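J.: Sequence:
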Amino acid sequence: MTSQGLDRERDAFWQSADGKTPRPPLTLVIRERLHSALDLGVRSPLTMVIAPAGTGKTVLLSDWVTRRQRSGQPVVWVSGQTPGSLQGFLEQVDGAEASLMLDPIVVDDAHLLPASTVTALARVLQQSPHTVRLLLATRYDLPVPVSELELRGMALTLRSRDLRFNDAEATELVQAHAEHATADDITLVQEKTAGWAAALVLAARTLQASGDVVWPLANQRPVLDLLLGETLNTLDPQVLAMLLSTFGASSLTGQLAAVLSGDAEAGSMLEDLAGSGLLVTAYADGTASNPHYRYHPLLVELLRRRIATSAEDRQLVVTAHHRSALYYESRGDSETALRSALGADDPELVERIVLGHGPALLAAGQAELVEAAFDALPAGYVDEHPHLFGVRGLLRRLTGDVAGAVQDAASADEIVAAAAPVRPEDDALAADAVLLRLWESRYGWQDVHVAIDRARSLLTLAPEDGSGTPRAVLGPERLAWLLIELAAAETWADELDAALSHLDEALVTARMAGHRQLIAGGLAHRAVVQHARGQVQNAAQSAQAALDVGGAGLPPEYAVRAQVVLGFAAVSELELDRAGQHLEQVVAADVAGSDTVVVGLRAMLRTVLLVERGRLGEALTELTSDPVAAGPLPSYLSRDLALLRSWLATLLGDKSTVDTQLLVLERTGNAIEADLVRAMTSMVQEDLQAALKLLDAGLDRPDIYPPLASAAASFRTVLLDRTGDDPAAEAALVDTLNRVTPQRMLHVLTSAGDEPAFLDRLRRHVTGPNPHPFAAVALEKLTDYQAGWSQAGGMTPLARTRPDAHMPPPRRLDAVVNGARIRLTAREAEVLDQLALGSSYAEVAQALFITENTVKTHLISLYRKLGVDKRSAALRTARTVGLL
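Counted the way this note's numbering counts, the sequence shown spans residues -14 to 869.
Keep in mind the hints are simulated off the structure, nothing from the lab.
Do not rely on the hints blindly, as some may be mistaken.
[As the list claims (entries may be wrong)] Distance ranges between label pairs, derived from CB positions:
(1) ALA682 with ALA811: 32 to 40 Å
(2) ASN838 with ASP685: 36 to 44 Å
(3) ARG563 with ALA357: 15 to 23 Å
These figures come from a predicted structure and were not determined experimentally.
Just so you know, even glycine gets a beta-carbon here, dropped at the ideal spot from N, CA and C.
The task is simple: from the sequences and hints, build the whole structure.
T.: Here is the structure:
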């Protein structure tokens, strides 16, 4: 990025971060010695203020920032809890050469920064410390290079001992809060608090309220707890009630405090508390009229202890939880609403939120929260409120309690069948019952077609209702989940068009609801449907989008589908190492062995990679038995398994197994694919013209599986080349490239790519007058590709029928060098031959249609095997051992 671009980024950062400085207390002691230290510190890249809670870090920095801003010196305040654009800005200046960021940035509560932001801070401080001026206030040391910067005179650290109030500062602070305090009072307070800011303030407030310093030394509770307790006792009951009603919120505004406490004056109380420094801090959110408040953890802890011993105070909290649940539910925050409801001591409120929002929470990965809600209900409550059976069944399904889920599904069905739905909770139960039946149908426990019909009936217009109103009124999250489960069942039942239609509808619904996990679920299931149709890259895009949208919270059953589809896409592009990485993710997933579709896809992906690595026996074992299936496999799984088995059998020369798999294809509704496989294998028994006629007939069939058609087209290219019909072979090559290009299906070309004649034609085409746009990519990938199955003795029909005239000359690849046996790869041998001709790296790359970097990679491997480090030695050794 240019210097001007970084300047624009910096200006945007200033604007976004401006105004977030905590409002300083109304009563403030100006600590000139610390201000001077900070003034000195910001001349260097890093100033650290490291001290526990209650030591006055925020107040100190707030006052320093305010004074600096008043004098016209630029400074920025960032809260560690809401770092805003700090991360993005650090990424922009990361590694910058010039000093672009000399205005100080103060980060309060830096210990709350995300790990990624701390990493970015550390990287900038290590690589380009001159570009920043940072002041970090934190409760503990952070993994940033403080020591090395201190050794270079580029960092300053202030710790607890530096922040302690000295006698003069303590006197000023105590007198500000207790105007009648005597010298003896102040001496006692300072002695017992050791200059701790929070304790000084609280002791002074106690002194002001009681007229005496009460210090019960015999009590073993921490001093601050004692002081804080005494202070709370002096508060106005209205203020204390407000604190008890609101301390459960991690951050609140005056408006939210008024909602939770039921007190319209809550905002004013918070403002007064923050102004007096009573462990309540105010943060501006960009407008001075609407600050956010946070309670000090020590205050929160004391209030929590107080409600444990006071039934009256406990009731205040219960009432506040009830208000909180209603408030957050109205704002669409069902997670916070349910958490609040659990503290409201109101089973009916918990029931209503669970029934209305339970499926949305479960789909968002909040099974533990929903389980806690059911645990909080009284014994027998679900039996008395049977509309909860559906949600509990979904919970049990996700937590692995299969028997319980099936039992709840049956109970939900009985209730739905007993009466027509007339209330929203009836519709919710009916939808949950259908969700469970769709799930069961994919495991053979229910008829899949019956389950699909029930779901469609629930979602369509009621036939007996002339008004045209929907049969069921469902919330968007429940509706989206139902549509996804319906599409999954339709995919199992080979109704792929219907599945895609319902997935599109589910995605629209989930996006309207803003439910990331359901969006990701729809995308993951769509990826499987697209894969089944041979739309390799489209499927990969949907799968990657699912992982991106869902993030770390993506449910495993969605993530595993995305990973297996990405694995196949990597194979298609001949990125076999990447495919193996995706397979590892699939194998490691807990749900990989329970989802029948994933089981089948996983077995096929592993088989393909075993074949590619030349481990044909292991691949055969992997395909010995069908995946665990709920009845007959879907047509597309049967098709893909049969095609893979027939390919492996062809490589092994097992004609009887090929014939068996052709029958499987025909029996499962894939007769077109069976005819094309028969055409591709017929060349072993038929003459060229007969085989070409069969291939032409097969490729003219509509709706044929695209990967298989592309492979067949490449076979046709090779056979036409063997007939000597150059124009026809060239046209067939272009047709092949047209078929593979949209979805980048390079793997289907590997059988033809094993033929020298095919690669020669592809090379001539690339250097011809009108090359296909994808031809160069295909040539580079195929020339770099090494077929493990070929090296292991596997042979395609093309290889078995290759004329002698087209056989490559024998080439020795094995030799003994320095007492060790080595074997060159075919590509390394080609590079060695080019070296013997005296070719430069660029000439070798041009001759072999690869990049110079690829040439260098092969040379490194070649030199290592020959035990040399330069060209002349390599050629001398190769000639000595007979490799040249």
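J.: Checked against the structure, which of the hints given earlier come out wrong?
T.: Of the numbered hints, just 3 does not hold.
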